[in-house]
Amino acid sequence: MKMNKLLGFVLGLCAVVSIALVSFKFADKPFGGLALYTVRTDMSKDARATLKAVADAGYVNIESAGYNNGKFYNLAPADFKALLDEMHLKPISAHQGSATLDNIDQQIADLKAAGFKYFVIPVPPMGLFYFDSVNKKMAMKGGAKNLADILNKLGEKCHAAGLELLYHNHDFEFVKDADGIVTIDYLLENCNPKFVNFQMDIYWVTKAGADPVDYFKRYPGRFKLWHVKDMDDQGRFAPVGKGHIDFKRVLANAKLAGMKYYYVEQDACVNETPLEAIVISHKGLGEIGFK
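Its first residue numbered 1, the sequence shown is counted upward by one per residue in the working numbering.
No lab work stands behind these hints: they were computed from the structure. Only a predicted model underlies this, so the values are computations on that prediction, with no experimental measurement involved. A hint or two may mislead.
Derived Cβ-Cβ restraints for the label pairs, each shown as a range [unchecked claim]:
hint, residue 1, residue 2, range
1, 133, 192, 31 to 39 Å
2, 30, 270, 25 to 33 Å
3, 141, 30, 35 to 43 Å
4, 130, 207, 15 to 23 Å
5, 137, 100, 22 to 30 Å
Positions of the beta carbon are idealized from the N, C-alpha and C atoms, including for glycine.
Just need the whole structure built from these sequences, with the hints factored in.
Next comes the structure, spelled out in structure tokens:
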């Protein structure tokens, strides 16, 4: 009789433990994406260890920002994809700052070999982007029409190959240029949505004094990817949830925006290391309601 009671107790305890483990596993289910630009220094030192840390922090999707001479972080496209597969990470998009009309075909082939879906232009390409050392701000030359023409040509190439081209904003695109043109508005109105759409960096839109939700309303469905990073009281980069950007309001309009994927990105860290920041941000995502 005592043996039966003991057996019953053990079985009951096992059931409780099993339920607890399942609940923990469910609650700890990985989600969300990380822009590897955040951990670029760590990636350059040890890509394998860094990607393991990214996966351990709870992320699933990644965006690369380390393409050079046909390789991603010094790995051939197929080898980079194999490493991501090993870490249970999914290649979604790649920032390709070196894209030109001459090398676009090769870059497209490399992105496809690595398993990416989106080809992202991070700044005006082909020498159009520069840093204004007088005003200490990012800037571009050549004009909005020239940039739109280039993006349409690059986008048409990507579309023909089965990739989607997106343009990523900073803050300078929201300021009127010498001709009184707001570059981002011109791009949204003159880039063919069949070939060119956008990755909204919510921090930089906010930094520019613009409203992300207003842009979703004016140009619905055009913002396929987001960069999510917070802003502290001094206007500096901060982990998600540690600043004052109203991400819940922005997230409530994800469908209107056309958002398919989002990534934590932190250009620079002030009070923590990048690897610490991505852990804090992942927790913040969950508290805000990102899935």
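A quick look at each hint next to the structure:
1. 133 x 192: 31 to 39 Å: Hint holds: Cβ distance 35 Å, inside 31 to 39 Å.
2. 30 x 270: 25 to 33 Å: holds, 27 Å
3. 141 x 30: 35 to 43 Å: holds, 42 Å
4. 130 x 207: 15 to 23 Å: holds, 19 Å
5. 137 x 100: 22 to 30 Å: holds, 25 Å
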